[in-house]
Amino acid sequence: MLQVTNKFYIEVGSFQHNKHGNIVCGDSVLMHKSIKENRTIAVLSDGLGSGVKANVLSTMTASMALNFRKRREPITRTAKTIMDTLPVDSIRNISYSTFTIVDVESDGNGKIVEYDNPELILVRDNKIIKLPAENLIIQSKLSSTNSDTRTIKLSNILLQKEDRLVFFSDGVTQSGIGNRNMPFGWGDGVNEFILETVKEKIDISARELSRKIVKQADLNDILRPKDDTSCVVFYVREPRRLLICTGPPFTETKDKYLAEIIRDYKGKKIVCGGTTSKIVSRELGLEIIIDLNDVIAGLPPSSKMEGIDLVTEGIITLGSLASILEEDFPKNLDQKGPHWDMYRMILDADIIDIVAGTKINIAHQDPSLPVELEIRRNVVKKLASLLEEKYMKTVKLKFI
Amino acid sequence: MLNIRICVGTYCYITGGSDLIKIKDRLPEEIKDKVVFVGSACLGCDDEKETSKPPYAKVGDVLITECTEDKLLNEIYSQLGIER
Numbered sequence: 001m002l003q004v005t006n007k008f009y010i011e012v013g014s015f016q017h018n019k020h021g022n023i024v025c026g027d028s029v030l031m032h033k034s035i036k037e038n039r040t041i042a043v044l045s046d047g048l049g050s051g052v053k054a055n056v057l058s059t060m061t062a063s064m065a066l067n068f069r070k071r072r073e074p075i076t077r078t079a080k081t082i083m084d085t086l087p088v089d090s091i092r093n094i095s096y097s098t099f100t101i102v103d104v105e106s107d108g109n110g111k112i113v114e115y116d117n118p119e120l121i122l123v124r125d126n127k128i129i130k131l132p133a134e135n136l137i138i139q140s141k142l143s144s145t146n147s148d149t150r151t152i153k154l155s156n157i158l159l160q161k162e163d164r165l166v167f168f169s170d171g172v173t174q175s176g177i178g179n180r181n182m183p184f185g186w187g188d189g190v191n192e193f194i195l196e197t198v199k200e201k202i203d204i205s206a207r208e209l210s211r212k213i214v215k216q217a218d219l220n221d222i223l224r225p226k227d228d229t230s231c232v233v234f235y236v237r238e239p240r241r242l243l244i245c246t247g248p249p250f251t252e253t254k255d256k257y258l259a260e261i262i263r264d265y266k267g268k269k270i271v272c273g274g275t276t277s278k279i280v281s282r283e284l285g286l287e288i289i290i291d292l293n294d295v296i297a298g299l300p301p302s303s304k305m306e307g308i309d310l311v312t313e314g315i316i317t318l319g320s321l322a323s324i325l326e327e328d329f330p331k332n333l334d335q336k337g338p339h340w341d342m343y344r345m346i347l348d349a350d351i352i353d354i355v356a357g358t359k360i361n362i363a364h365q366d367p368s369l370p371v372e373l374e375i376r377r378n379v380v381k382k383l384a385s386l387l388e389e390k391y392m393k394t395v396k397l398k399f400i
Numbered sequence: 001m002l003n004i005r006i007c008v009g010t011y012c013y014i015t016g017g018s019d020l021i022k023i024k025d026r027l028p029e030e031i032k033d034k035v036v037f038v039g040s041a042c043l044g045c046d047d048e049k050e051t052s053k054p055p056y057a058k059v060g061d062v063l064i065t066e067c068t069e070d071k072l073l074n075e076i077y078s079q080l081g082i083e084r
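Residue numbers (our numbering), protein chains in the order written: chain A, 1 to 400; chain B, 1 to 84.
Honestly, the hints are just simulated from the structure, not real lab data.
Since the structure is predicted, the reported quantities are computational estimates derived from the model, not experimental observations.
Idealized CB from N, CA, C, for every residue including glycine.
Certain hints may be false.
[As the list claims (entries may be wrong)] Listed next, the stretches of chain A that the computed footprint assigns to chain B, with coverage defined by at least 3 CB atoms under 8 Å from CB atoms of chain B:
no. : segment
1   : 269-279
2   : 310-320
3   : 369-375
Modelling step: build the complete structure from the supplied sequences, incorporating the hints.
Now the structure itself:
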């Protein structure tokens, strides 16, 4: 059980910053991970202008592009439909927004479609590799003249392990424009920045790299970005695994089995629950040490056990974790408490194995308790679907 | 040193254990240096749940049920042999 079956893992990370003073982002990033097909799709679109109008345009473009791609519609049809559907800008008199689509299959075969965004970058062996592209010219149906033609770039790629695909909106390349050291903006400087960042930390996650690029673009503009900036990174690598064990097994005869799963697991390990940690402690002969000074955020303190990365209380902590996951992606990742520790470990994992014991703690069902305690099985199911759908993690759920 | 174990399992925590662990910060001077507070994942009182109620704490080897600050301090004082 819990064997590695996924040889090829793709982590997708993205980060965005709004143009200074805007409350919405004019760029849109949408991602989709199909578990059945083992396929990952991400779309980045930059709407014309900025603010709400740009946001509407880019959201429309990105969702159309993503849905067409999911159904494997031909690129020409996708691009044409987008052009014909977008409303015509009242000032500029064109219907326009850019897009980049990246669609990677389980075998590493990737299809890339680019329209007017800065060129996508492939980083392989710490070098930037240019992708051979084929141009496709598309004409809008609605246009009365022949002048409204668009050139779309198509490229195919076979990804290898440790490859990174980086793409961003022009807010990144044009950041810092007018500064003395970059009068025409960051431009190709971003390529060197990426290479240096990867060189510095060879296993930097997609999430972290995209964040660093956008933050640097932000700095180039002295923290007042002149345009919306977005960046998406694909990182192909050995999957990072995380095991979350919570709840005592339905029958006590399985206690040993649970402890063995934890002992033999290759990856990070979290044990949630007082009784569960007691079982692990008993079966593996490990001592639990609770730090009573670590009482933060109204949650029971976490404890330490040798060989286990995190030991926490069960249902309250899992409930708090679920509410973090339900929120909009939190920007401040440095918050304290066992639920935040768990959240950070989850962000860094690709494959999450959840082993949930289904024994019901009858005491928890007492209606006179001051706090409502959910049934573990329900909380775990909720966590699993949030991690899969919203956080694009591969989740393997097992009830024992 | 007298060992005091406070249960911070879910059941005990929500029925008052969260307050019990804060007692360590406001211990009276005369016993401050004579006790050690430690947490416990679960003291394993489930078997007795028919007859007793949480939160649980242990002073030395003595189990205290429905523990309150008062009950806990009383037990500590009596085990230390100090008049309260």
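Here's how the hints hold up against the structure:
1. 269-279: Per the Cβ count (5), the hint holds.
2. 310-320: n = 5 at 8 Å, threshold three: holds.
3. 369-375: holds (count 4)
Against the hints set out earlier in the document, no violation occurs for any number.
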